[in-house]
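Number of protein chains: 2
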Amino acid sequence: MKKHNFYAGPSILPQYTIDKSIEGIKDFAGTGLSILEISHRSKEFVACINGTIALFKELLEIPAGYQVLFLGGGASLQFAMVPMNMLNKKAAYLNTGEWASKALKEAKLFGEVVEVASSKEKLFNYIPKNYIIPADADYFHITSNNTIYGTEIKKDLDMKIPLVADMSSDIFSRPVDISKYSLIYGGAQKNLAPAGMAFVVVKEDVLGKVSRPIPSMLDYKVHIKGESMFNTPPVFTIFAAQQTLTWLKNIGGVKAIQKKNIEKAKILYDEIDRNRLFKPTIADPEDRSLMNICFVMAPEYKDLEKPFAEFAKSKGMLGIEGHRSTGGFRASTYNALPKESVEALVSIMKEFELKN
Amino acid sequence: MKKHNFYAGPSILPQYTIDKSIEGIKDFAGTGLSILEISHRSKEFVACINGTIALFKELLEIPAGYQVLFLGGGASLQFAMVPMNMLNKKAAYLNTGEWASKALKEAKLFGEVVEVASSKEKLFNYIPKNYIIPADADYFHITSNNTIYGTEIKKDLDMKIPLVADMSSDIFSRPVDISKYSLIYGGAQKNLAPAGMAFVVVKEDVLGKVSRPIPSMLDYKVHIKGESMFNTPPVFTIFAAQQTLTWLKNIGGVKAIQKKNIEKAKILYDEIDRNRLFKPTIADPEDRSLMNICFVMAPEYKDLEKPFAEFAKSKGMLGIEGHRSTGGFRASTYNALPKESVEALVSIMKEFELKN
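Residue numbers (my numbering), protein chains in the order written: chain E, 3 to 358; chain Z, 3 to 358.
Treat each hint with caution, since some may be false.
Note: identical chains are not told apart, hence a pair may lie in one copy or across any two.
[What the hints assert, rightly or not] Capping the alpha-carbon separation at 25 Å, the derived lysine to any residue pairs in SDA-like fashion look like this: (1) K268 x G26; (2) K4 x K22; (3) K22 x G32; (4) K92 x R176; (5) K257 x K308; (6) K92 x A56; (7) K352 x S213; (8) K268 x L165.
Derived by calculation from the structure, the hints in this document are not laboratory data.
These numbers come from a predicted model, not from an experiment.
Construct all of the structure, not just a fragment, from the sequences and the given hints.
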């Protein structure tokens, strides 16, 4: 039976990435060695990391003055690195979910943190608007896509102070006007590569403005100077990222994938809105994530939650249970998820409706 | 032509690890999904990480009271995490090379650091002995194997204060009396797995004694509580580590591999000592590393350095150039390097001698 991978992360990667990973593990770039056992200082791997950074910049049209870094530790380490490198006195955070809350919590170790708005009282089911950002804040932090709750800020905000975004789960899903951001970071394990790496896009001139001593491994300037090779980088993960970005370029880049993502999300949201058994958790279409589509059973069918979960699993739908903290359902529709998987899910939702 | 992988790290892994990695990328544990795209919360991966930790503990005979962690960021991040979590007032460091120096430098951000001894004045070509460790130091830090300079502390030291060791390049190469250490850490990319992960073995009762606020991702207690899943761990790297440890167990564990490592090192050191063209950089056999065997051209044959490097490469010997900072040659003879590769290197050293 065909399996459909709706996991929220680590999550589906293009078959191209899988196939090329196997090739690279057998023989990397004609070296006779595996990508798993080659030195990061070999000329073949140096070409690989430089090529990956170049593709990253090309696909997102990153302007001059920005650096792309690949770091160990995941996005959660960035929750601490961002304030460590950028927070002098005060930072502003928008609280739109669990990850935004965690980022905010870590920042508090380094200075005053203003939560400009929060949707927590409504279980994070909308993106707050019309909040006031302190003009003297060192930066404003947003989580552009909220993987757990299924909301997304799909537009690049205009800010008067440096804008920092955690784009772990929507990077490369749409064109981004990088010039509006001072720093973008995220974990690799959604639209980029296997788990175990964070990417950072940073405008160089925002760095070097804090006076606290920063351990070398947590200092963006050190990694910029070392060209992401201050220490041994996650070699295989970078190789896999190069494959995913090559695939993305081959299919037309972020504009082309955005069109597909909008189309896939529409198919599923339309069915959730139509099917009498289900209810979307995010009412406002403007706030609905194109990457993580959350829904629950309609109140009168609450007792069908477990039966639907089991039915879906029996039909090859993997990873559609909601996050441990929310329950319900979540279908993640990342770049690599084919339209056929969304159609398959919609089809079994219809089938389940007919049965009940 | 057969390639021999003498890289210092990332470095050779068992063929078993390579083969099983390919299998896992095709289909992980019968899930129908790749190990590259499966959720870390799936029951199959939870079984994998728990199994890897169990094997890690079994092979090193880790006593009760110790935790094993798999963290992102590499050993270099541990240079900061160790003092952040353990340094209250004063720490003692033994300076035996570049990595030891880097560890010492990072510790200085967190308190007083006493360098109890250093072999820097002799290009780190020996392990200092008979130094005095301040009795009031919070811990004493050593680098058990010095990858760049080719020295190794092959015995477990008896200390009156907590002993911390960076075992990046000799973990699993010999039995270790874990009870003599409070914390052992290292990068995975030598005897364990591909690059992109650090392992930490920590005695729980040494933690929680510092008062500084610690960011969550840098707090060992947080990772212990999260069972290495506080954030998304490097899933594939952990899977690969499980394969390497399974291979090691199958061939008899650390006692068996130690015997092989001693044998391999003897073959190469004997040839370096015998061959009139070459000279070992480490004179005292007690201090000679079994993992990284360093040598240079004898003074009268200095001009043969480049020709030998090229000759060796033409014969399929990869990665035997010394570190960028030292020059000369270094053959890394990690667990997975077969005796045949050492014999092949010795054979071309003899051939080169005959030619010159």
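Hints, verified against the model:
In the homo-oligomer, the alpha carbons of K268 and G26 never lie at most 25 Å apart, since the shortest distance is 36 Å inside one protomer and 34 Å across protomers. For a Cα distance limit of 25 Å, the shortest separation of K4 from K22 qualifies both inside one copy, at 21 Å, and across copies, at 23 Å. In this assembly of identical chains, the alpha carbons of K22 and G32 lie at most 25 Å apart whether taken from the same copy (13 Å) or from different copies (21 Å). Within a single copy, K92 and R176 get their C-alpha atoms no closer than 31 Å, and across copies no closer than 51 Å, so neither meets the 25 Å cut-off.
Taking CA atoms no more than 25 Å apart as the test, K257 paired with K308 passes in neither setting, with 38 Å inside one copy and 51 Å between copies. In this assembly of identical chains, the alpha carbons of K92 and A56 never lie at most 25 Å apart, being 34 Å within a copy and 45 Å across copies at closest. Taking the shortest alpha-carbon separations for K352 and S213, neither the intra-copy value of 59 Å nor the inter-copy value of 57 Å comes in at or below 25 Å. In this homomeric assembly, K268 and L165 never come within 25 Å of each other (Cα to Cα): the closest approach is 29 Å inside a single copy and 59 Å across copies.
The structure fails to meet hints 1, 4, 5, 6, 7 and 8 from the earlier list, while all remaining hints are met.
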